[in-house]
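There are 2 protein chains.
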Amino acid sequence: MKLGLNLSFAAKRWQDPEELAELCAGFGVHYWQFNLDFIDPWWPEEMRNRLANAYRDAFGKKGLSFESLFNGMAAYSYPQFLAHSREVRDAIQTYHERAIDVAMEVGAKHLGIALGGMTHRDAYDPLRRRAIYEETVERLKKLAAYGARKGLQSIQIEPTPLFTEFPNSIESSLELMHDLENVSEIPVQIFLDWGHMLCKPFMGKQADMELWIRELKSYIGDMHLQQTDGLWDRHWDFRHEEDGIVTPEIIKGVLHNTGTEDSVQYLELSFAFEDTDENVYEGVKYSVDKLRDIFEE
Amino acid sequence: MKLGLNLSFAAKRWQDPEELAELCAGFGVHYWQFNLDFIDPWWPEEMRNRLANAYRDAFGKKGLSFESLFNGMAAYSYPQFLAHSREVRDAIQTYHERAIDVAMEVGAKHLGIALGGMTHRDAYDPLRRRAIYEETVERLKKLAAYGARKGLQSIQIEPTPLFTEFPNSIESSLELMHDLENVSEIPVQIFLDWGHMLCKPFMGKQADMELWIRELKSYIGDMHLQQTDGLWDRHWDFRHEEDGIVTPEIIKGVLHNTGTEDSVQYLELSFAFEDTDENVYEGVKYSVDKLRDIFEE
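Read top to bottom, the protein sequences are chains A and B.
Heads up, the first sequence is in our numbering, so the first residue is 1168 and it goes up one at a time.
Heads up, the second sequence is in our numbering, so the first residue is 1168 and it goes up one at a time.
Excised from the complex, chain A in its bound form (with noise of 0.2 Å):
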């Protein structure tokens, strides 16, 4: 199996690409997931490729590499395609090609993103809905044109566990894949998160991974581990040993169950801003250590 570790949990904290590196290095995880947090995709060009390619040569010269790139707290603030206004959704195609231009100068090949969020009276409105999503097609495709010209391998969408926000169900998820299916020219996948998918008052009877994968099966890409008691999108760190749902042997008996040892696992926590970089090491520590022993059986 894959361990890895998406940079959400050092975001602002350790932002100097040698110094990061040098961190990153002592947790001995070899497959490694950039954050949008660390360059917004609107920075000026030259200064952004500049800064991207410095954290790849940084990580180089430890021996790690990024194999994807995921959007992190930031992008995740903004409504991106699923917005109410036309001109915003025109805005945000432009800065998932940039999102990807720092994929590529990161030197990372695949491309990971929640979609976004709806406003209420957007959501639910069914007419509504189905425009906003048929034009998220579109503009999907219109991307994964956009990623093959540049050297992008896939790219991978992130179900929330959220009714004004999709994919949001085994459904919507399924039918997302069979839209861009053989249309889109590069890969559009399934990155599945264990803290959504284990979310309970907002899944319900879905709130079970190995049933999604089962039901998703050849369109999973790679997955965002974090620790969560299944009531909230907690992305806890393993620390939380009494209140944690997400064992290491779950973890290895779903992977196993459904064959998907392959996707990579990138973890990512998420803490408070206020908590200390101390802290926040020693959860990233600690998780790291407790799951590389049973990734490594």
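It is worth saying that the hints were derived from the structure and are not from the lab.
Mixed in with the good hints there might be a few duds.
Same chains, same label: a pair holds when it works inside one copy or across any pair of copies.
In silico lysine-lysine, DSBU-like type, Cα no more than 35 Å apart, as pairs [as the list claims (entries may be wrong)]:
hint, residue 1, residue 2
1, Lys1229, Lys1372
2, Lys1457, Lys1367
3, Lys1317, Lys1229
4, Lys1452, Lys1367
5, Lys1229, Lys1457
6, Lys1372, Lys1228
7, Lys1317, Lys1367
8, Lys1457, Lys1317
9, Lys1309, Lys1457
10, Lys1367, Lys1308
11, Lys1372, Lys1452
For this one, chain A is given, so just place chain B on it according to the hints.
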């Protein structure tokens, strides 16, 4: 006393200007603070201005206006002025000029910001920390000059409860104010957040709102109001009756004792992304109703 509401609670959930203005008019609050999670300053200028005007106009039709603009979750995800890379700091200067442009287009007179966060090594290296501080003072002077040209009336800096950010204490807030006094073209003030100031594990003996206001008195701008347990920067709504330490009586007492009744108290509430629109609405409504009674006595 002046009760206000920051649009933080509505980001993504209620984006359509008309829908948002209708919702907001129902709260019966007179002071409104726009939030950059609705408009990314990097978006193309023309569409960004049209969108900003649409929010201003929709609120105007309901008899509401934005006094102030504060940066939101997306902005706080980046290191901003305290970034390690000079090129990033240069881009961030542009970002804040564009934020002032957004403020002007929504009709806001005041810009509130947190300055950002340092990479671990810079924060713990006294020379680097000093250099970044001094550069930030120069950048704020330039930003104030830009604001003056555009018609902005003040820039208000929010202290946060973190050693890796500044200002993070009464002393560092006072130093920043002294260094900008009489040299900035528009007033630069301190924007206090009740929850940041009352964060005991970080503020220690300075976890005392009245102390902060007395020490910073002449530099005090507006404030952010939130419910908190004093352990983390919660930004809870006021349904947290049992564990919340910010009572209407305390708010009233502190503002009265310090003669700061004219500072607008903008409620800045944060909800989990996966929370339902219904629960968010109820939390805001409950908080506003509870506080309004006290504010209007």
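Here's how the hints hold up against the structure:
1. When the C-alpha separation of Lys1229 and Lys1372 is checked against a cutoff of 35 Å, the pair qualifies neither within a copy, at 44 Å, nor between copies, at 43 Å.
2. When the C-alpha separation of Lys1457 and Lys1367 is checked against a cutoff of 35 Å, the pair qualifies both within a copy, at 25 Å, and between copies, at 32 Å.
3. Taking the closest pair of Cα atoms, Lys1317 and Lys1229 come within 35 Å of each other only inside a single copy of the chain (26 Å); across copies the shortest separation is 48 Å, beyond that limit.
4. Proximity of Lys1452 and Lys1367 under a CA criterion of 35 Å is satisfied in both settings, with 28 Å inside one chain copy and 27 Å between copies.
5. In this assembly of identical chains, the alpha carbons of Lys1229 and Lys1457 lie at most 35 Å apart only when taken from the same copy (23 Å versus 56 Å across copies).
6. In the homo-oligomer, the alpha carbons of Lys1372 and Lys1228 never lie at most 35 Å apart, since the shortest distance is 46 Å inside one protomer and 45 Å across protomers.
7. Within a single copy, Lys1317 and Lys1367 get their C-alpha atoms no closer than 39 Å, and across copies no closer than 50 Å, so neither meets the 35 Å cut-off.
8. In this assembly of identical chains, the alpha carbons of Lys1457 and Lys1317 never lie at most 35 Å apart, being 37 Å within a copy and 55 Å across copies at closest.
9. Taking identical chains as interchangeable, the C-alpha atoms of Lys1309 and Lys1457 are never at most 35 Å apart, the minima being 41 Å within one chain and 49 Å between chains.
10. Proximity of Lys1367 to Lys1308 under the C-alpha cut-off of 35 Å is restricted to the intra-copy arrangement: shortest distance 32 Å within a copy versus 50 Å between copies.
11. In this homomeric assembly, Lys1372 and Lys1452 come within 35 Å of each other (Cα to Cα) both inside a single copy, at 33 Å, and across copies, at 32 Å.
The structure fails hints 1, 6, 7, 8 and 9 (numbered hints given earlier, in ascending order).
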